[in-house]
Every structure is written in structure tokens, then in C-alpha cells.
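Grab the two chains, each in its own frame, and use the hints to assemble them into the complex.
Chains A and B supply the protein sequences, listed in that same order. Heads up: the first sequence at position 18 corresponds to 18 in the numbering used here, and the numbers run straight through without jumps. Heads up: the second sequence at position 288 corresponds to 288 in the numbering used here, and the numbers run straight through without jumps.
Honestly, the hints are just simulated from the structure, not real lab data. Watch out, some of these pointers could steer you wrong.
[Stated by the list, open to error] Taking CB as the label site, the calculated pair distances span:
1) Ile143/A to Lys367/B: 28 to 36 Å
2) Leu5/A to Lys367/B: 32 to 40 Å
3) Trp123/A to Asn262/B: 18 to 26 Å
4) Gly370/B to Ser158/A: 47 to 55 Å
5) Ile143/A to Asn160/B: 35 to 43 Å
6) Gly370/B to Phe101/A: 37 to 45 Å
7) Ile128/A to Thr116/B: 55 to 63 Å
8) Arg83/A to Ala65/B: 58 to 66 Å
9) Lys159/B to Leu152/A: 56 to 64 Å
10) Thr116/B to Ile143/A: 54 to 62 Å
11) Ile97/A to Asp266/B: 38 to 46 Å
12) Arg137/A to Lys164/B: 22 to 30 Å
The beta-carbon is built from N, C-alpha and C at its ideal position, and this holds for glycine as well.
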Amino acid sequence: MLTILFDGVAYGMLLFVIACGLAITLGLMNFVNLAHGAFAMAGGYVAVVLANRYGVPFLLCLPLAFIASALIGLLLERTLYVRVYGKSHLDQVLFTIGLVFMSVAAVDYVMGSQQQFINLPEWLRGRIDIMGVGVGRYRLLIIVICGALTILLQSILSRSSFGAKLRASVDDARVARGLGIPVDRIFAITFAVGSGLAGLGGALGAEILGLDPTFPLKFMIYFLIVVTVGGTSGVTGPLVAALLLGVADVAGKYYVPQIGSFVIYTIMIVVLILRPQGLFARAR
Amino acid sequence: MMISRRVWVSLMGAAGLASASSGALAQETVKIGMILPLTGPFTPIGKQVEAGAKLYLSQIGGVVAGKKIEIVLRDDGGVPDATKRIATELVVNEKVNVLAGFGLTPLAMATAPIATQSKTPLVVMAAGTTAIVDASPFIARTSFTQAQSAATIADWAAKNGIKKVVTLVTDYAPGIDSEKFFSEPFKAAGGEVLAQLRAPLQNPDYAPFLQRVIDAKPDAIFVFVPAGVGAALMKQYVERGMDKSGIRLIGPGDITDDDLLNGYGDSALGVVTAHLYSANHPSAANKAYVEAFKKANNMRPNFMSLGGYDGMRLITEALKKTNGATDGPGLIAAMKGMSWESPRGPISIDPDTRDIVQNIYIRKVEKVDGELYNVEFETYPSVKDPARKK
Numbered sequence: 001m002l003t004i005l006f007d008g009v010a011y012g013m014l015l016f017v018i019a020c021g022l023a024i025t026l027g028l029m030n031f032v033n034l035a036h037g038a039f040a041m042a043g044g045y046v047a048v049v050l051a052n053r054y055g056v057p058f059l060l061c062l063p064l065a066f067i068a069s070a071l072i073g074l075l076l077e078r079t080l081y082v083r084v085y086g087k088s089h090l091d092q093v094l095f096t097i098g099l100v101f102m103s104v105a106a107v108d109y110v111m112g113s114q115q116q117f118i119n120l121p122e123w124l125r126g127r128i129d130i131m132g133v134g135v136g137r138y139r140l141l142i143i144v145i146c147g148a149l150t151i152l153l154q155s156i157l158s159r160s161s162f163g164a165k166l167r168a169s170v171d172d173a174r175v176a177r178g179l180g181i182p183v184d185r186i187f188a189i190t191f192a193v194g195s196g197l198a199g200l201g202g203a204l205g206a207e208i209l210g211l212d213p214t215f216p217l218k219f220m221i222y223f224l225i226v227v228t229v230g231g232t233s234g235v236t237g238p239l240v241a242a243l244l245l246g247v248a249d250v251a252g253k254y255y256v257p258q259i260g261s262f263v264i265y266t267i268m269i270v271v272l273i274l275r276p277q278g279l280f281a282r283a284r
Numbered sequence: 001m002m003i004s005r006r007v008w009v010s011l012m013g014a015a016g017l018a019s020a021s022s023g024a025l026a027q028e029t030v031k032i033g034m035i036l037p038l039t040g041p042f043t044p045i046g047k048q049v050e051a052g053a054k055l056y057l058s059q060i061g062g063v064v065a066g067k068k069i070e071i072v073l074r075d076d077g078g079v080p081d082a083t084k085r086i087a088t089e090l091v092v093n094e095k096v097n098v099l100a101g102f103g104l105t106p107l108a109m110a111t112a113p114i115a116t117q118s119k120t121p122l123v124v125m126a127a128g129t130t131a132i133v134d135a136s137p138f139i140a141r142t143s144f145t146q147a148q149s150a151a152t153i154a155d156w157a158a159k160n161g162i163k164k165v166v167t168l169v170t171d172y173a174p175g176i177d178s179e180k181f182f183s184e185p186f187k188a189a190g191g192e193v194l195a196q197l198r199a200p201l202q203n204p205d206y207a208p209f210l211q212r213v214i215d216a217k218p219d220a221i222f223v224f225v226p227a228g229v230g231a232a233l234m235k236q237y238v239e240r241g242m243d244k245s246g247i248r249l250i251g252p253g254d255i256t257d258d259d260l261l262n263g264y265g266d267s268a269l270g271v272v273t274a275h276l277y278s279a280n281h282p283s284a285a286n287k288a289y290v291e292a293f294k295k296a297n298n299m300r301p302n303f304m305s306l307g308g309y310d311g312m313r314l315i316t317e318a319l320k321k322t323n324g325a326t327d328g329p330g331l332i333a334a335m336k337g338m339s340w341e342s343p344r345g346p347i348s349i350d351p352d353t354r355d356i357v358q359n360i361y362i363r364k365v366e367k368v369d370g371e372l373y374n375v376e377f378e379t380y381p382s383v384k385d386p387a388r389k390k
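Extracted from the complex, chain B is given alone in its bound form (with noise of 0.2 Å):
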């Protein structure tokens, strides 16, 4: 193109146009429009993901391949309609090169359309189904699936003395990912799944679907539900004396986040899941992030607060092997196969899925100088979303 920059701008600017391929733009400024749920019952999960995505941009001062990173934050409560619409926005008004953040499954799957039309990388910084990746092929994942959890204590379940198992999640996507790729897996490996429960996403009260479970008199039960809904469970597990009779609890480590681990008391002792990370990882990586976490932002990192931190990091890589250039399949080639050291271990993203390779450790609630912690025995090295190999 022969037409110098500022004249492109002014004519742009005159003509009102707003040009969808963003890239088509040199910048010395590249944008990256980050929507996450920062008001609502979802909060907490955009507010860790924020934290981390800042935290690693400050740390590398905000600047890459010569060019300032901006992130432009918005807010979309939680709900699939406002997460399109400020997408649409961030992409045609602000000239976004890259999208980010996502901090549900809906919200990522209803962008990707737009993703894929604007040829704008995408990167899932906290939601956790299985199919997001599959909506785009502008779509790269730093957080983790449903599936590499599930699966993963469902093999250390069979081979630790566990056969007979009740399922209770959440009755939404997420929830039934965890239950099928636990279920499969643990049926496969011999044990017994005597009831899949499913709870409303608005339930009040666990009481029936913990008698249940104790009524049905399994080994163990294996939970999923949404991080800040574990709690209430957490403690009727306790107050109906299931700990004691011998029903141990399982699962994912959503219910043991460490956001809110402390405030469970000590009712989840012994408690032990499987997941991607825990703000006790033995790693010097992890020592660093917590305590640079925890200075900038008065609360511990959770496992939400890594899918910012890398997914930041995955977008900062790539623009160096592009040498800066934003051009959306550009970028997303170069993320494609781009591994690295984390804070929660060695990580890298499948060149085929685009999804997140990582490891998954088992993980037992134990108290660490007076605080609680996920503390890790056990480590799944490289774990692939198991959804997808067969």
C-alpha cells in the first residue's frame, strides 16, 4: 500500500468506515479487548483472571516487539447477549487485535462467530468445556478443560480402593462434561457409578441430594459445582457426618478453590481433587507469582488467575515471533505448539486443538502454616483434553 499511515487514518476516519479486519492496520499501539464477567454472581472469576492478565503485563513493562500493549477491559455481567455485542463493539469500533478473558462457556461460544469473521485470535482465559475450541479456528485456551479434571481423578479413584462412586454437579454445561468424562473413564476402570445427580444452577439447599448420595452408601462422591457454591455443599457434607461415615469426597478442584479454600474452616480436610493449579505448587515460578499476586492484589491466585497470566503470556509470545505484526491467522499460527514454563508447571497449546496441554496434579487439603492449601502428591504429567482422543 503506497498511501503513507496518517492519510489512511484521516481517510478512514473521514469516511466514518470501520474496517472489521483490524489488522489491516499498523499500529504502534496493539489492543487487546478483554471481556469478563467483573459484576454478578461470576465476579470473582473475572476478577482473578483480570489480576493475573495485568500482573503478567506490568511485569514485562507493557511493551512488546516495540509496540505498547493496551488492554481494554469491559464488563459483560455474566450474560451471552452483552458478551457478543461489546465483542462486535471492541472489534469494529476500538480495532481490537486480539480478544480475551471469557469467564463462561456461553459467552466464549456466543463471540466465536465473531471471531472467526473478523479473523480475530480469541483467547479463553477461564472457561472450561470442551467444545469452545472447536467454535473457531481463531480460538486458543490458557485455562484448562472440564474433561482433563474430571478424567484425572476418576484414574487415580479406580486405582485408590474407590468403587462405588455417586456424581453430583451442577446441572449446566460445564457440570455434565465433569460427570461424563468421570464417569466413562471410572466405569472403563472397573468402578461403579450408582447415581448421576444433577442440582439446579440456582440451588439453595444441598440437603436432598446429600441424603441421597448417603442413602445410596458409595464409597465416595465425586462433585463438580461452580467454585462459590462449594462452600454451602462443603459444610453440609460435614454437618450431615458423611466425612465420618466413610463417604469421601472427590472431584475437580473447583470445590477446593484457593480463593476460598481459608474460609471453609477445617470441615475440607482431607478433601482431594484433581487440578491444573494450586497456590502451593512447589516451584520457584509459583513461589514469584504468589507473592507478586498476592502484593498487587490482596488475595491469593486461584486457578482462574493462570488463564489470564499465561493467556497474556501466549498473546506477548506470539506478537515477538510475529515480530509485532497483528494480522489475526498470523497470530494464531504462532500460537499454535508455543509451550512454556508456568507458575502451575510446564504448559503448552496442542498445534492441532489450540486447547491447553498441561499437567494435573492430585491434590489433598492439608493446612500449611495455619492457612489451608491444595497440597499436590501426585502429578499427571501432560495431560490432553481427554474428550478429544478418542
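Just chain A, with the same shape it has in the complex (with noise of 0.2 Å):
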């Protein structure tokens, strides 16, 4: 029971650090960014390369993971994305979706379409026994970073100046700019991080999830529901939206599997019924 609850966990975490690249962007910047899971797969695929190519430490590769998802989201946001900021959302949606199967035929085409499989050290394996509950050493790993990196952020964005100037860009840009915030380099930093994340949250994902080209149109309806759920106001909202998708998604495929995979589906439909805007989010 507490094993369920556990994985649980460990699952909404993780989709939880994928995700909330996409809040960020989504909600403080305006941008539909469909090809986030595009980034979450570069951090996957780095993370892959570095570990078995190259012998990298399993944790020395998370971090490059993020510093390569994030060089690669700055360098598109600069190119690419700020030529849609101002454009309509159907925009939006047409450009990321492109990226996306951009990406899906690049990786495809470099990497082959097979699942790739990441090497992790010894240590990381098998499960260690909690006072009677079984808990695996890799989900446990991903509850201490996801835990660590939500405490990060949420104090990023409510307490930091950074945090201030990013919600006065988004609220009103011709103003923020009249008061001397760089609204354009506060967007590409953001963007960066938002990407990086995603990076992050592919490289720890790969060993469960699995790894192939196909993994950003694979996982998109899964960030969509975090973010639609949690809202997109900040990140508690996607937090609590993911531990609770999570935890709801492997008990119910436990105890109901005959209808486990409707299960946060059912979730997103009252959610959205009885809270329009998402779990957190202020009425607009």
C-alpha cells in the first residue's frame, strides 16, 4: 500500500519537473510551447550519450542534461520562438508542433528509432527496505532532487528580484521596459530554465518512461494534463496536480486495472468541471 503510494510519488515527480518547464512557459510567458517534450528529450538523449558513450557519472550527466536542454532552448528562443511571442496562439500551436516532428525525425535519424537504455551505476539499482515499505533506490533519487528543485524554484519566482521582474515582464512588457527590466533577456533566461528542466526531467525519466524518438508526442497529453490541472499560475499548481495524477495513476492501474489508464483522465474532467482555471489558479 505504502509501495503504491511511493511509486506514486516518484512518478508525479517526475512528471512534475517535465512539466513545469511548460507551466513557466505557458503561464508567466503566454507561449503555448507544444515541442516542450522536444527538450525533455534532448535531455534524455544527452544523458544517454554521456553515460554509455562516454562513461559520465549517472549524476554528473543530469546536470549537462539541464545545460544542454537549456543552450538548445535559448539558441531556438533567440532564433526561432521570439519571432511568435506576439502571434496568435493558433500560431503558436503550428510552429511548436512542427518542432516537434522536427525533432522526432532528427533524433530518428542520428540516434536510430530503438529505445535506448541508460547505464546506471550499481548503487542506484534495486530497492532498499523503509521500515517494511519497499522503496526503489531510483525513485527515491527522483523524490530528493524533484523535492529539492520545487523548494528552488517556488523561492525563485515568488521571492528573487529575477522572480519580480518576470511577473512584471509578463504582466505589462511596455512598462517593464519603461522601467529599465531587459523584458527580452528576462524571457530567454526564462525560456533557457523552462527547457533545462525539461532536459532534466528527460534524462531522469529515461530509465522509466523509456527513451525513443517518439517521446515528445508520446508524453505531451501527459505535461498538458499537469499543466491544465495545476493551472499555470505558478509552480504548486502543477506540483500538487502531478503527485496527485501520479499517485491517483498508479493506484488506480493497482487496484482498478481494468480501468486504471481512465483514471486521470477522469481526475482532469472533474478538476476542470468544478475549477475552470486550474487547481491554484486565481479566477481571471
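Structure follows, in C-alpha cells:
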């Protein structure tokens, strides 16, 4: 029972790390970035190549995956995304879904279409017993990393001056510019961080979610559900949503396997009926 | 017909008519319309089948009974609508003589009516549910049926001290076939199926299913999942210590696919599966096949590649038998009952069902020369599709 809860929390945390970058671009920057999963995939592949081909220790692969995805994000933001910020949401959707298909084809061409497996160090395999509850070591690592990230993100967004400038830039870019806030640079950094988070999630998730060129398409629906249920006004909403969905998905599949895969959709529908703006967002 | 061929062709061209019965045209080239998923999640299947088919064609020099064999390759991305549209286009516009490929059951099923209407032989090289060959009298199969492997491992398990089993399959036709054709013979042999779990096709995390298996305390878990997904499941099986707690993992060989096996790492060691082919199959024919395949494609052949390789052989041998005549009914009649030694062992096409009859091997994952292989240790000879015996 507690093992199920634990598995669900780990799974939810993983979803959260991948999706929170999306929540930031979508909610704070008001940009529909369906290509978010492509950045997660990039992180996953960076980690796999580093760990398997060059023998880089797994824990070092994680920050490297973050940095690599963030750099790709930064590059694309400066060259491509910046042109569609002001456009309608439909344009943004078309543009980013195009990016998804390009990334799928590119990765397929370069890395091949087969599943990739990441070599984990021995100490991360297997499970340990904590007071009678079987705890997978790898999943414990996920929870620890993701927990720390959440606290960090939340404090940056709500306490730091960067967070304040970002919120100002989002609410009214013109006034923010007038106050001397470098709006473009703030957007670029935010976008890069969002992409980097996706990359980190992809690297962490390769072991559990699997990794192949269709990754961005396969998991797009999950990221979107997390963001939809959680709302996009901060990181708390997506976090609670991801945990709720993770636990519900795992528990649903365990207790009622016949309908298990529909549990998260049911939750999404119920939440959206009760709170169309998401769990924690203020109604607009 | 007294009109010369050239006149015929120009007449056809001028009228812009698209003759549905492609066999009516005498041709120097025999066209084989091959439809495979070459993009999307099922790409590995398509690539293996394509590589196998092309390898066979290159080995015979591309010419049979005085006719040049040409493969017209198309990608359907694994979507039935696309397969059907492409097949229609191939038959009507390209005037292919044979349709081949078909990575998944729904793709073959969608195309079956076209084979029937145009009397075009359709060779299924990958898809594996029993119902496919019944969908048209023009379908022959060189891949396998899910039931062949599932029923064989059921028999083996019951004879080897496995009494209680939980099945875990992916919730789509081949998974449900596997579940059924494992459970029925296993129960008949005195075994007990404690639970039948079905995981959705898009299932990111197998944790809850495996936890349920652990709590049910079976002797073994029977698993069928599509090849690519198998890895995640295998890893979690080990992560949960199931291998040490005495729950064995058995199943059809999809989960220990030769193509992917090395990526699993040592967690796969000792897994027992039943399947039609292992790259490690100890025969001279297979050694030559594996070597030629690796040289041409820079990857290991898996069971899917054999469907393409033997499928191309079936088509060309049928052409030899008809002296190059390409009419559909004649070709499919020539295919019935044909038998030969494949790299996977002796195989034949059942004259009644047009389905493949082949050996199913029980294999165990072992390390051979530093690489992981499915090492065969028991053979069930000439297994017909067990789903049809009753």
C-alpha cells in the first residue's frame, strides 16, 4: 500500500519536473510551447550518450542534460521563438508542433529509432526496505532531486528580484521596459531554464518512461494534463497536480486495472468542471 | 489477346484507365508493393522487415524466372488508414503484382479487402494475430502468430514446475491473443492463472502492475508487451527484486527481442521465452544469414527480419513455380504448401490456412562471447497456429 503511494509520488515528481517548465512558459510567458517534450527528449539523449558512450557518472549527466537542453532552448528562443511571441496562439501551436515533428525525425536519423537504455550505477539499482516499505532507490533519488528543485523554483519565482521582474514583464511588457527591466533577456533566461528543466526531467525519466524518438509525442498529453489540472500561475499548482495524477494513475492501475488508465482523465475532467482555471490559479 | 503489348500499353495510357487486375498485363518487371511503418513508434519493425526482404533479393540477384523483381517501398507510419490508401494507390497506379509488409495487425486487416477485390496476393511479413489470414483468401503469412509462442511457453511452463502464473499483456489484439492462448492451454495442463492484467498501449510506468504481481505471489509472470516497451518492464522487474524473490519471467520472445537485448544489460539473464527465432540459432544457414545481415545493415537481425526475408523468398519461389506468370490466384496457389529451410529452421506454408508452420524454440538469455543472446535449449517442431486446432 505504502509502496504504491511511494511509486505514485515518484512518478508524479517526474511528471512535475518535465511539466513545470511548460507551466512557466505557458503560464508566465503566455506562450503555447507544445515542443516542450522535445527539450525533455534532448536532455534524455544527452544523458544516454554521455553515460553510455563516454562513461560520464550518472549524477553528473543530470546537470549536463539540464545545461544542454537550456542551451538548445536559448538558441531556439533567440532565433525562432522570439518571432512568434506576439502571434496568435494558433500560430504558436502550429509552429511548435512543427518543431516536434522535426525533432522526432532528426533524432530518428541521428540516433536510430530503437529504445535507448541508460546505464545506471549499481548503487541506484534495486530497492531498499524502509520500515517494511519497499522503496526503489532510483525512485527515491527522483523524489529527492525533484523536491529540492521545487523549493528552489518556488523561492526564485516568489522571493527573488528576478522573479519579480519576470512577473512584471509578463503582466505588462511595455511598462516593464519603461522601468528599465530587460524584458527580452528575462524571457530568454526563463525560456532556457524551462527547457533545461524539461531536459533534466527527460534525463531522469529515461529509466522509467523509456526513451525513443517519439518521446515528445508520446508524453505530450501527460505534460498538458499536468498543466491543465494544475493551472499555470506558479509551480505549486502543477506540483500538486502532478502528485495527484501520479498517485492516482499508479493506484488506479493497481487497484482497478480494468479502468486504471482512465483514472487520470477522470480526475482531469472533475477538476476542470469544479475549477476550470486549474487547481490553484485565481479565476480571471 | 491479339493486340501486341505495346499497343495495349499505349491504349491503356491514352485512355488513362487504371486496370484493377494488374496481373492482366504481361510485364518484364514484377513489382512488389511493400508497405511498412518506417516512421513513428513502430519504425524498428519496418526497418527489420525491409532489411530482411532486401537482403534476400540481393542474394538472388534481383531476377527470378527471367523477370526483374522490383520493390516499391512505402511508409504508412503504422496508421491503418494510410496503409489502406497506399495499398489502393499501389494496386491501381503502380500496378504492383504482390502486396507485402504490414507491421501490425490493424494495418494488414485494413488492406485485406483490397487484396480480395483486386485478386492481389498479400504477404504478411510481421503482423501476428490469428485472424489476419482469414480476412482474405489472398493472404499468406511468413511471420508468426502470437498463439504459436504463447501456447508453447504455456506447455513448457506447466511441465517445468510452474503452477501459478499472473499474466501481464498490453491491451491490444496481439496482447489479448497472447493472454488467451497462454491461459487456456496452461489451465488445461493443470496450471492456475491468478490474475490477468492488461496494461494500456501507451503506458509510461509499469510499477503498479508489477506491484500487483508481487502481491499475488505467483511462480511466474507471463509477459507480452511490444518489443520496444519490454526494456522498461524488464528493468522494473529487477528493480523490484522480483528476480530474486523467485517470480520467474516467461513469455513470447518479443520481450527479449534480439535487436534490443544487449541494451537490457545483465538484468535479462536467465529469462525464459518461447519464440520462432534467435540470432543465436545454431545452424549454418543462420550463421550465414546473421553475418550477411550485419554486414548490410549494421544491426542484429531479429525475428521480424525473418518475416521479410522468408516472405521475399516465398514470393520469388512462387514466381518460379508459375514460370513468371503473375496472376494473383496462380501465385497464391503456388505459395500454398511451399516449404523450405529458413535461417530460423524448417518452415512451410499451410496449404489450408496459408499461415506459417514453424518450429518454436524455448530459449534462455545467456551471455555468449560477451553479448546477450537467446540460447535455444528445447524445440517444439512444426507448430501450427494453435488457435486454429479446435
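Going down the list of hints, with the structure as the test:
Here the CB-CB span from Ile143/A to Lys367/B is close to 34 Å, well matched to the stated 28 to 36 Å. Look at Leu5/A against Lys367/B: about 38 Å separates their beta carbons, and that is inside 32 to 40 Å. In this structure the supplied range 18 to 26 Å holds for Trp123/A paired with Asn262/B, their Cβ-Cβ distance being about 23 Å. Under the hint 47 to 55 Å, the C-beta atoms of Gly370/B and Ser158/A, about 54 Å apart, fit the expected range.
Checked against the hint of 35 to 43 Å, the C-beta distance between Ile143/A and Asn160/B comes to roughly 40 Å, which is consistent with it. At roughly 39 Å, the beta-carbon separation of Gly370/B and Phe101/A lies within the given 37 to 45 Å, and the hint holds. Hint check: Ile128/A to Thr116/B, Cβ distance near 59 Å, so the stated range 55 to 63 Å holds. Distance hint for Arg83/A and Ala65/B: a CB-CB separation of about 59 Å, consistent with the stated range 58 to 66 Å.
Lys159/B and Leu152/A have their C-beta atoms about 58 Å apart, which keeps the hinted 56 to 64 Å range intact. At roughly 56 Å, the beta-carbon separation of Thr116/B and Ile143/A lies within the given 54 to 62 Å, and the hint holds. Distance hint for Ile97/A and Asp266/B: a CB-CB separation of about 40 Å, consistent with the stated range 38 to 46 Å. A hinted range of 22 to 30 Å holds for the C-beta pair Arg137/A and Lys164/B, which are about 29 Å apart.
When held up to the earlier numbered hints, the structure conflicts with none and fits them all.
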